[in-house]
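Number of protein chains: 2
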Amino acid sequence: MGIYPEPLVELVDQFSKLPGIGQKSATRMALFVLRSNRGLAEGLARSLIEVKEKIRFCSVCFNLTDKDPCAICRDDQRADGTLCVVETPGDQMALEESGVYRGRYHVLHGVLSPLDGIGPEDLKIDRLLGRLEREKIKEVILATNPTTGGETTASFIAGLLSEKNPGVKISRIALGVPMGGDLKFMDTMTLQHALKSRVQIPQ
Amino acid sequence: MGIYPEPLVELVDQFSKLPGIGQKSATRMALFVLRSNRGLAEGLARSLIEVKEKIRFCSVCFNLTDKDPCAICRDDQRADGTLCVVETPGDQMALEESGVYRGRYHVLHGVLSPLDGIGPEDLKIDRLLGRLEREKIKEVILATNPTTGGETTASFIAGLLSEKNPGVKISRIALGVPMGGDLKFMDTMTLQHALKSRVQIPQ
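Heads up: the sequence lines are chains A and B, in that order. Residue 134 in our numbering sits at position 149 of the first sequence; the count goes up by one each step and never skips. Residue 108 in our numbering sits at position 123 of the second sequence; the count goes up by one each step and never skips.
Since the hints were made in silico from the structure, they are not lab data. Heads up, a few of these hints could be off.
Copies of the same chain look alike in the list, so a pair counts if it fits in one copy or across any two.
[Said to hold, decoys possible] Below, simulated DSS-like cross-link-like pairs (lysine-lysine); rule was C-alpha separation at most 27 Å, straight line:
| # | residue 1 | residue 2 |
| --- | --- | --- |
| 1 | Lys149 | Lys52 |
| 2 | Lys123 | Lys39 |
| 3 | Lys154 | Lys109 |
| 4 | Lys9 | Lys181 |
| 5 | Lys154 | Lys52 |
| 6 | Lys2 | Lys39 |
| 7 | Lys169 | Lys2 |
| 8 | Lys123 | Lys149 |
| 9 | Lys9 | Lys169 |
| 10 | Lys181 | Lys109 |
| 11 | Lys39 | Lys9 |
| 12 | Lys52 | Lys9 |
| 13 | Lys2 | Lys181 |
| 14 | Lys52 | Lys121 |
| 15 | Lys149 | Lys169 |
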């Protein structure tokens, strides 16, 4: 190196930090930015700053939002009484894009993982129990990913809820989603199927 | 849409403008930015602005640089007398990374393309002829891409040079680079081979 202009090397480095972007893709992207008009670079730069400045967690469902509570929690067109519990904001977005669900959400921000020291107190599980006390919830749909961590977390929450809120129906999205997969990268059809054929957990 | 926070939608849109980045990759990158600390977003934003502010073309070889003339044109360790002619700054970078070439460069900024209305006057061909008059050039290596446009441009320049500068050796990089390929995305071994087995164009 040293032969390349420092700002270009720096931009390639910065792009390489993004997920799925290697040295070659980063170089291609940096050269594209150089070739394009100034507006492209400025637009992306502005977006990056705005996203960090304006987006925070919804105080009700812990989804990402620029207004608190978030658009879904504020929307009175949506059905109260049903909570869809997901791992991350990305999972919530993927489900929302499938268009089949019209209830409310709750984002856990992770899964139980004893080996990594992540216990129930590190997730938004207390807040979920709090919502069940305050809101008139009839059903909780457990839509964690079908991975070891996601399944463990779903079982844990199912156990907790059937003990503390025996009147509430608990369901799990159907295993139309392939095992080991990730909701964020699934196609809409699979997600629709998974939501529609959800099965009640025996209590 | 509408359900997602506006700044997030905006960032996904901006990422989607980059080459090779579709909706899913852009979403993955935007969510990663949201999850990461503020420094990552700010660092990338700063780099984007700096690259557009600081990088311009070298007035000698038309490579990208933050100081004029560029590091390669200023470097007195490099061999004078040989010019390697490439289409774009990306191609120049790829060749430079192969490490086999220690002479000077000349960037054309495109190829001849009569259908798109791109003629010799739109490329840095006049400036190449100017350098041959001023600098003591013994060899011109034509390293345009082995595509229709690149081959046409190489032939055109070869004809022009053998007419105006009959004493100068003209060579073309070996066709170790596969036809239809692009120098920017080639591996170092292929590029080294292509440079080493370059063949003189009969004059």
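Hints, verified against the model:
1. In this homomeric assembly, Lys149 and Lys52 never come within 27 Å of each other (Cα to Cα): the closest approach is 32 Å inside a single copy and 69 Å across copies.
2. In this assembly of identical chains, the alpha carbons of Lys123 and Lys39 never lie at most 27 Å apart, being 33 Å within a copy and 60 Å across copies at closest.
3. In this assembly of identical chains, Lys154 and Lys109 lie within 27 Å of each other by CA distance solely inside one copy; the values are 20 Å within and 72 Å between copies.
4. In the homo-oligomer, the alpha carbons of Lys9 and Lys181 lie at most 27 Å apart only across protomers (23 Å), although the nearest pairing inside one protomer, at 41 Å, exceeds that limit.
5. Proximity of Lys154 and Lys52 under a CA criterion of 27 Å is satisfied in neither setting, with 31 Å inside one chain copy and 68 Å between copies.
6. Taking identical chains as interchangeable, the C-alpha atoms of Lys2 and Lys39 lie at most 27 Å apart whether they share a chain (22 Å) or sit on different chains (22 Å).
7. In the homo-oligomer, the alpha carbons of Lys169 and Lys2 lie at most 27 Å apart both inside one protomer (20 Å) and across protomers (21 Å), since each shortest distance falls under that limit.
8. With identical chains, the CA atoms of Lys123 and Lys149 are at most 27 Å apart within one copy only, with a shortest distance of 14 Å there and 87 Å across copies.
9. In this assembly of identical chains, the alpha carbons of Lys9 and Lys169 lie at most 27 Å apart whether taken from the same copy (25 Å) or from different copies (9 Å).
10. Taking the closest pair of Cα atoms, Lys181 and Lys109 come within 27 Å of each other only inside a single copy of the chain (25 Å); across copies the shortest separation is 62 Å, beyond that limit.
11. Taking the closest pair of Cα atoms, Lys39 and Lys9 come within 27 Å of each other only across two copies (22 Å); inside a single copy the shortest separation is 32 Å, beyond that limit.
12. In this homomeric assembly, Lys52 and Lys9 come within 27 Å of each other (Cα to Cα) only across copies, at 24 Å, whereas the closest approach inside a single copy is 38 Å.
13. Taking CA atoms no more than 27 Å apart as the test, Lys2 paired with Lys181 passes in neither setting, with 37 Å inside one copy and 35 Å between copies.
14. Taking the closest pair of Cα atoms, Lys52 and Lys121 come within 27 Å of each other only inside a single copy of the chain (24 Å); across copies the shortest separation is 66 Å, beyond that limit.
15. Taking identical chains as interchangeable, the C-alpha atoms of Lys149 and Lys169 are never at most 27 Å apart, the minima being 31 Å within one chain and 61 Å between chains.
Checked against the numbered hints given earlier, this structure breaks hints 1, 2, 5, 13 and 15; the rest are met.
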